[in-house]
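Participant: First to last, the protein sequences are chains A and B. Heads up, the final residue of the first sequence is numbered 328 in the numbering used here, and it's a clean run with no missing numbers. Heads up, the final residue of the second sequence is numbered 340 in the numbering used here, and it's a clean run with no missing numbers.
Derived DSS-like pairs: lysine-lysine, alpha-carbon spacing no greater than 30 Å straight-line: (1) B:316 - B:288; (2) B:288 - A:239; (3) A:239 - B:316; (4) A:239 - B:280; (5) B:291 - B:280; (6) A:239 - B:291; (7) B:316 - B:280; (8) B:291 - B:316.
Worth flagging that the hints you see were computed from the coordinates, not collected in a lab. Everything numeric in this text was worked out from a predicted model, so none of it was measured.
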Amino acid sequence: MRRLKLAAVAGALLILLGTVTTARAQEVDFTGQWVPIFHEDGPERLPGPEIADYTGLPINEAARLRGDTYDPDRISAVHEYQCRQHAGDYGMRGLANMRITAELDPVTQRFTQFRTRIGFHDAERTIYLDGRPEPPPNAPHTWGGFSVASWDGSMLNIRTTHLKAYYIRRNGIPASDSRTFTEHWVRHGNILTVVTVIEDPVFLTERLVRSQSWALDPGQTMGSNWCDTAPELVLEPGKVPNYLPGANPYLREFAGWYGLPYEATRGGAETMYPEYRAKMPQTFSTLDRCTRYCQCMNVGGGCGLGVQPAPVARPAPTPTPTPARRPQ
Amino acid sequence: MKHTLLRPTSLGAALAAAGVLLFGASHLRAQAQVSVLPVQGRVSLMTAGDANVTVQVGRSGVVLVDTPPADLAPQVITEIRKLSARPIRHIVQTSASSDRIGGTVALLGPAGARGLALGAGLFGFGATGASRPNVAAQDNVLNRLSATTPAVAPGLLPTMTDFLPTLDLFNDEAIVLYHVPAAHSDGDSIVFFRRSDVISTGNIYTPGRYPVIDTTRGGSVNGLIAALGRVLELAVPEAFEEGGTKIIPGRGRVGEETDVAEFRDMVSIIRDRVQDAVTKNQTLDQIKASKPSRDYDAEYRATPADADRLIESIFKTLPAPPPTAPAARPGSARPTGGRS
Chain A
1 MRRLKLAAVA GALLILLGTV TTARAQEVDF TGQWVPIFHE DGPERLPGPE
51 IADYTGLPIN EAARLRGDTY DPDRISAVHE YQCRQHAGDY GMRGLANMRI
101 TAELDPVTQR FTQFRTRIGF HDAERTIYLD GRPEPPPNAP HTWGGFSVAS
151 WDGSMLNIRT THLKAYYIRR NGIPASDSRT FTEHWVRHGN ILTVVTVIED
201 PVFLTERLVR SQSWALDPGQ TMGSNWCDTA PELVLEPGKV PNYLPGANPY
251 LREFAGWYGL PYEATRGGAE TMYPEYRAKM PQTFSTLDRC TRYCQCMNVG
301 GGCGLGVQPA PVARPAPTPT PTPARRPQ
Chain B
1 MKHTLLRPTS LGAALAAAGV LLFGASHLRA QAQVSVLPVQ GRVSLMTAGD
51 ANVTVQVGRS GVVLVDTPPA DLAPQVITEI RKLSARPIRH IVQTSASSDR
101 IGGTVALLGP AGARGLALGA GLFGFGATGA SRPNVAAQDN VLNRLSATTP
151 AVAPGLLPTM TDFLPTLDLF NDEAIVLYHV PAAHSDGDSI VFFRRSDVIS
201 TGNIYTPGRY PVIDTTRGGS VNGLIAALGR VLELAVPEAF EEGGTKIIPG
251 RGRVGEETDV AEFRDMVSII RDRVQDAVTK NQTLDQIKAS KPSRDYDAEY
301 RATPADADRL IESIFKTLPA PPPTAPAARP GSARPTGGRS
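Model the full structure from these sequences, guided by the hints.
Facilitator: Encoded structure:
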């Protein structure tokens, strides 16, 4: 009996050792030059989001009001914001090319750091794999935040804290400095897919999960993207561009341009899942042609609005039953 | 059934172990209540409880901006001793608020002569023959504290005051106190350590919580916004709005220029909303009921009472709206669409 137990323990240890060895062998080299692919959420990521487009965001009332009262002059005319880098979570939306480098332990030759450099405003992050502890709570927050990572087979899981306040969407939907985000990096040949999961206890009612992909581009060269502030508007001292609650005249434009019910553009977790189609107000109309950013995602297509003929509205189709909400 | 009795030796060992555990827990708690974070150059942040004390170390000694809660003063002194064996030369009081000055007496002693800072060698100061540290503040801090009934301990009173916009100190680097009028109170100073490139703001900047505008001591919302603007004028980021000047708040984490800008924006935007309501002749109760800070309350961890307090202090200190102007000619005014 005792021999049997010993054999079982030895067997378990061998299996465990084998697993660890396998996991080590699956470490993936993410280094290289990467170019973003804009097949997901292209209009939001390239020309930028429309004012009051909150679709797909599990925001709460506070975030919605912040979006409604947001004046875009705030990030262009207030000089403290002019040269901001993108925050680490927003930067991974892939607005610019990226270079990933790594540092290896000289003895074990295992990765101890990955470093990303994204072209827009020279945004650099370091992702530590050496198990170092987080900075204390009173330490300064940064755009890139503090990132530690671990392997899950060939997938790199990264957790980032200590981020500065920023925005989740560049139309005033805020991201608090209490948020954290997790990334999952997966490489399929020359394609890198990054899934980001943002948790913001201040502005989100559930996790915001998004993905974006990059293609390996060894011939890419990255320049420097220096920025100096410059006065763009004369602002009265202490005044910050903003709309008073209820006074922003542009909130319904997005719904009109895209033929959506206004309520569906207001965001919130309840609007994000298929069953909402059956519940939402049936006040929308479909458009007979694309009128905004129509060529933007096509190869060689520009992202200018151009002059388009007015859309012809058609009556709303009868809603069809949708599958039950998937478990989260 | 076998009964096991604790023998005296076992009991003693158990008590000793419990004692060690209790001592350890108490020691750990004290350690947890005072933490030290090197910030930049010669400046460190000492967080005592939830109050921040700025510590600068130079050849002349130690400069403190604000003091810890009195009961944590011994631990703070212990931590200061780890940074420097030299005496405390200056204590800057950034305002007369109790959370800024409460530990002054504990550090200096009731008479201001032989407290912990000079404490008979207990903390390594006594043999130096050092003179009493200067307690520097804006004039109104002295005026406020002198007028307090019952009288405050003499050791609490500033010994070095100024009515000019700035007051200069030096300790291996220029240390400039800027008076920012009518902000959190009428006696606020911000302290700029020029070579270290660190600003200590006192109560005008409290990230993660709403500012307290002390209307009973001359604070005002527009003064607060101007004071935050002064911090922003002095702060210079290294690149891309990151790095460069570090800013130590009265409470909360160390910030940089954009962190202060976010805070200033919050105050300014809520001020605009209250101002708009005042212009529409709404009463304070009506304004509170409309919750003009509702999209900021969670970010600044404000209870309904905190939010009401902020709204009330803004309401009380806004300038009266100008008399109604005659109607503008059609087309003569720039349409703003409610922009403020």
